[in-house]
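Engineer: Read off the chains here:
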Amino acid sequence: MNKKNKRIKRILIICAVLLAFVIFMIISANSQGALHKVYNVIASPVTSVQKGFSSLGKGIRDGFYYLFHSGEVTEHISELEEENAQYKDIATEKDILERENRELKAMLDYKEKYTEYDIVGGEVIAGDLTEMFNTFTINLGTSDGIKEGDFVVNSYGLLGVVKTAGPVSSKVVSILDEQNKIIARTLEGNEMVRVMGTYDDEGGKYLQIDRILDDTNINVGDTLVTTNSGNVYPYGIKIGTVIKTGEADGIKYAVAEPVADFKRITKVFVLTAKYNPEEE
Amino acid sequence: MHSAYVGVQTAEKHIKYDHQKPAGIAQVLFCVIAGFLLVFIQNALFISGGPNLVLVFALLIATKGRPNLAIAFAAVSGFTIDLVFGRYLGFYGLLFMVAAIGTAFLRDKLETKPRVIAYAVPVLFVFNLLESFLTRVLAVLFGGSSVLYTSFGANFVRVILPGFLYDTVTLLIFIFPVYILWRRLTPH
Numbered sequence: 001m002n003k004k005n006k007r008i009k010r011i012l013i014i015c016a017v018l019l020a021f022v023i024f025m026i027i028s029a030n031s032q033g034a035l036h037k038v039y040n041v042i043a044s045p046v047t048s049v050q051k052g053f054s055s056l057g058k059g060i061r062d063g064f065y066y067l068f069h070s071g072e073v074t075e076h077i078s079e080l081e082e083e084n085a086q087y088k089d090i091a092t093e094k095d096i097l098e099r100e101n102r103e104l105k106a107m108l109d110y111k112e113k114y115t116e117y118d119i120v121g122g123e124v125i126a127g128d129l130t131e132m133f134n135t136f137t138i139n140l141g142t143s144d145g146i147k148e149g150d151f152v153v154n155s156y157g158l159l160g161v162v163k164t165a166g167p168v169s170s171k172v173v174s175i176l177d178e179q180n181k182i183i184a185r186t187l188e189g190n191e192m193v194r195v196m197g198t199y200d201d202e203g204g205k206y207l208q209i210d211r212i213l214d215d216t217n218i219n220v221g222d223t224l225v226t227t228n229s230g231n232v233y234p235y236g237i238k239i240g241t242v243i244k245t246g247e248a249d250g251i252k253y254a255v256a257e258p259v260a261d262f263k264r265i266t267k268v269f270v271l272t273a274k275y276n277p278e279e280e
Numbered sequence: 001m002h003s004a005y006v007g008v009q010t011a012e013k014h015i016k017y018d019h020q021k022p023a024g025i026a027q028v029l030f031c032v033i034a035g036f037l038l039v040f041i042q043n044a045l046f047i048s049g050g051p052n053l054v055l056v057f058a059l060l061i062a063t064k065g066r067p068n069l070a071i072a073f074a075a076v077s078g079f080t081i082d083l084v085f086g087r088y089l090g091f092y093g094l095l096f097m098v099a100a101i102g103t104a105f106l107r108d109k110l111e112t113k114p115r116v117i118a119y120a121v122p123v124l125f126v127f128n129l130l131e132s133f134l135t136r137v138l139a140v141l142f143g144g145s146s147v148l149y150t151s152f153g154a155n156f157v158r159v160i161l162p163g164f165l166y167d168t169v170t171l172l173i174f175i176f177p178v179y180i181l182w183r184r185l186t187p188h
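Top to bottom, those sequences are chains A and B.
Start counting the first sequence at 1; every next residue gets the next number (my numbering).
Start counting the second sequence at 1; every next residue gets the next number (my numbering).
Everything labelled a hint here was simulated from the structure, so no lab data went into it.
Among the hints, erroneous ones may be present.
Stated by the list, open to error - Not everything, but these chain A residues come out facing chain B in the computed CB check (under 8 angstroms): (1) I14; (2) V17; (3) L18; (4) V22; (5) M25; (6) A29; (7) V46; (8) S48; (9) V49; (10) Q50; (11) A126; (12) T135; (13) T137; (14) D177; (15) E178; (16) Q179.
Note that beta-carbon positions come from the ideal geometry of N, C-alpha and C, so glycine has one too.
Could you put the whole structure together from the sequences, leaning on the hints where they help?
Structural biologist: Structure, rendered in structure tokens:
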């Protein structure tokens, strides 16, 4: 009897925990309020630990990258060796310098172009567990002036929006998520459309373009940029390139590829508005 | 595949099976340290699409006859992932816990060997199915998506099946170090 009671008690505890998880899931899906408080409490110590692991992980990833691309690198180096032995490492150095140059130039461009925003540079310290939720964590938080709703970009273009800002880290929902709907324009025709993340059944992640009117001229190769419609996004941040257009059931549609490679993002910039109407 | 099967059988044959005894303090400590390391390592090493190390570890503990420890480990580590890195609080806590319960249940009801293949692998398959389905349900309910799947078949072949195979390979790789350490930590 005692054994049976113990068993029932155990089952009840498990059911209660499972039910609690379901409730947490619903609450956190609807509002970040409850989640935000808990995240704020534990984020600081956890982020410090994660930063350490992240640096270690980056070193290992880079090591594997060069291991798998050693053929290309070796070929490149052997060509350079013929010219001069002192330029052996030029391929790697050139890559690093080019990347740094691109990132710094992008930051400068953003600073010059978006004067109403503060630009804060940071790094991605963790990704989504299984790529299903299009989220990543950055090492910037409220102590760096970051707040929820700020835009995250890199040297290529728009990456996402800060969903939860903790003291020293923030969770970002990428533009590939279905929840992120952005009003955009094409650079070529200045046509206004709506862009949102989409997910195909083969696991590919793209940007779906809808709200295309009959007289809207959108073509493959067009570049999509943010527009300041409704003062949500600043104008001109690159989002993606149109790769497909078509019509289904009389409704025009188009698909775009994001400009940023989400599998290899490391450095990011957060655009945080200097003027915050909520503070008034 | 055959050699992997024989390997798993051999590994299990040499490991003491003592599920009647409560988990030793060393085993609990091992789970705490492993959970801490695995949660951070998998998110640091793989910015996207990494192996599910925490789940694999939880299932291995469950196959070793420590259902309470495995379920607690799955719940706590899954919830930590949700809290620190996740999008929906409770998503992986729930799924990991269900997977650990499933493995413990199968282990309790079946005597098939090798245990890892009989219990953990089918659970991994169901886990990947559930993960995909629940993700789509959340996308429809809260994410503004209008369809659950446009083609479940394509999704199954290109997303669910590779995920399952990836997790299975991770499981088969992890079985040896985890079981060997587990054996050393088993109270005599």
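Engineer: Which earlier hints can't be squared with this structure?
Structural biologist: 8
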